[in-house]
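Q: Sequence:
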Amino acid sequence: MKKKKWMIVMVAAFSALIAGCVNQSNSSKTDAMSNSSKQSKSEVLSYRTTYNSKKVTKQAIVYLPKNYKKNQKHNILYLLHGSTEVNNGRSLLYKEGNFKQTFDKLSDQGKLKNTIVVFPTYYPTEKQVSSNYYSDDPLNRRFAKNELVQDLIPAVEKKYKTYTTNTSKSALRKSRAHRAFGGFSMGSITTWYVFQYDLPYFKYFVPMAGDSWTVASDGGASEPAKTAQVLAQEAKKYPKLSFKILAGVGQDDGTKSSMSPQINAMKKLPQFKNKIEYYEQIGGNHDAPTMAKIIQYYGSKLFK
Numbered sequence: 107m108k109k110k111k112w113m114i115v116m117v118a119a120f121s122a123l124i125a126g127c128v129n130q131s132n133s134s135k136t137d138a139m140s141n142s143s144k145q146s147k148s149e150v151l152s153y154r155t156t157y158n159s160k161k162v163t164k165q166a167i168v169y170l171p172k173n174y175k176k177n178q179k180h181n182i183l184y185l186l187h188g189s190t191e192v193n194n195g196r197s198l199l200y201k202e203g204n205f206k207q208t209f210d211k212l213s214d215q216g217k218l219k220n221t222i223v224v225f226p227t228y229y230p231t232e233k234q235v236s237s238n239y240y241s242d243d244p245l246n247r248r249f250a251k252n253e254l255v256q257d258l259i260p261a262v263e264k265k266y267k268t269y270t271t272n273t274s275k276s277a278l279r280k281s282r283a284h285r286a287f288g289g290f291s292m293g294s295i296t297t298w299y300v301f302q303y304d305l306p307y308f309k310y311f312v313p314m315a316g317d318s319w320t321v322a323s324d325g326g327a328s329e330p331a332k333t334a335q336v337l338a339q340e341a342k343k344y345p346k347l348s349f350k351i352l353a354g355v356g357q358d359d360g361t362k363s364s365m366s367p368q369i370n371a372m373k374k375l376p377q378f379k380n381k382i383e384y385y386e387q388i389g390g391n392h393d394a395p396t397m398a399k400i401i402q403y404y405g406s407k408l409f410k
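Just add 106 to wherever you are in the sequence shown, counting from 1, and you've got this note's numbering.
Simulated from the structure, these hints should not be mistaken for laboratory data. Here the structure is a predicted model, which is why all the values come from computation and not from measurement. Be careful, since some hints might not be right.
[To be verified] Here are the computed distance ranges between Cβ atoms for each label pair:
1. Ala-331 to Asn-380: 40 to 48 Å
2. Lys-179 to Ile-388: 33 to 41 Å
3. Tyr-240 to Thr-271: 37 to 45 Å
4. Ser-241 to Gly-216: 36 to 44 Å
5. Asp-214 to Ala-322: 20 to 28 Å
Backbone N, C-alpha and C define an ideal beta-carbon position, used for all residues, glycine too.
Please construct the entire structure, taking both the sequences and the accompanying hints into account.
A: Given below as C-alpha cells:
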C-alpha cells in the first residue's frame with residue numbers, strides 16, 4: 107500500500123515537472139516570436155509592368171523597419187542598383203551593401219525611423235542584363251519615365267502604408283514630401299531621370315556614383331553646363347515644389363570625374379541654390395558598401 111502511494115506521488119511530481127517544462131518552452135517561443143516581430147525584415151513584392159507591349163512580372167525587395175506596424179504611416183525610399191547588379195530578377199544592392207545593417211543602425215540612432223526602403227530593378231527581364239552598361243541607358247530612362255510611377259509605386263504603396271491616401275497620381279503628388287529616390291551607378295543615372303520626369307512625386311533625390319545622361323552619355327563630364335540647364339528647366343516648371351538633391355560618391359571612385367563638373371555647374375544656377383549637397387566618402391570606391399556609407403551620412407537629412 108505504501109509503495110502504491112509512493113508511486114502515485116512520483117507520477118504526480120513527474121507530470122508537474124513536464125507541464126512546467128512545456129509551459130516554459132511555450133513561453134520561450136512566445137517571447138522569441140514577440141522579439142522577432144520587433145526586428146526589421148525584408149520581403150519580396152511582385153508586380154506587373156509592360157515592356158515592348160508585353161506584360162512582364164517583376165520583383166522588388168522591400169525592407170520593413172524595426173517595430174513595423176502595418177497600419178502606421180511610413181516614409182518611403184526607393185533605392186536602385188547599378189549595371190548587372192541583379193540575380194534571378196532581384197536587386198543585389200540590398201545584400202551587397204548590407205543595407206539591413208545600415209538602416210537598422212540609422213533607426214537605432216533616431217534617423218530614418220519608420221521608413222520603408224524598396225530595392226527594385228530597372229531590367230524588365232534577365233534577357234536585358236548586359237555587361238555593356240551604356241546599353242542600359244534606354245532602360246534607365248524607361249523605368250523613370252513610365253514604370254516607376256505607373257506600376258511600381260502603386261503596387262508598393264497599395265500594400266504598405268505610406269503617407270499617401272491612395273495610389274492615384276493626385277494622392278501621390280500630395281505625399282511627395284515623404285518619398286525619396288536614390289541609386290548607385292546606373293541607378294544614379296536613373297535618379298537624375300527621376301528628377302527630370304517625376305519631380306511632382308518625389309521631394310528627395312540621392313544620386314550616388316553617377317551623373318545625368320539626359321544630354322549625352324557621361325554628360326556630366328562632356329556637357330556639364332548643358333546638363334545642368336536641362337535639369338534646371340525641370341525645376342522651373344514647378345516653382346512651388348521644394349526638393350533636395352543629396353549627391354554622393356566615393357573618394358576613389360572614377361565616376362567622380364563625371365559627377366563633380368555637373369554638380370559644380372548646377373550649384374551656379376539659382377534653381378539649385380541651397381537645394382543640392384555633394385558628399386565624398388573618404389576611402390570610398392565604386393561599390394555597394396560605399397553607397398551604404400553615403401546613405402548613412404545623409405540619413406538625418408531625409409524626410410525633414
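Q: Now look at each hint and say whether the structure bears it out.
A: Structure-based check of each hint:
The supplied range of 40 to 48 Å is broken by Ala-331 and Asn-380, whose beta-carbon atoms lie about 20 Å from each other. One distance hint, 33 to 41 Å for the beta-carbon pair Lys-179 and Ile-388, holds here, with the actual separation near 36 Å. Take Tyr-240 and Thr-271: their Cβ atoms lie about 41 Å apart, and the range 37 to 45 Å holds. With their beta carbons about 42 Å apart, Ser-241 and Gly-216 fall inside the hinted range of 36 to 44 Å.
Remark: the range hint 20 to 28 Å for Asp-214 to Ala-322 is contradicted by a beta-carbon distance near 43 Å.
Violated hints, in rising order: 1, 5; the structure is consistent with all others.
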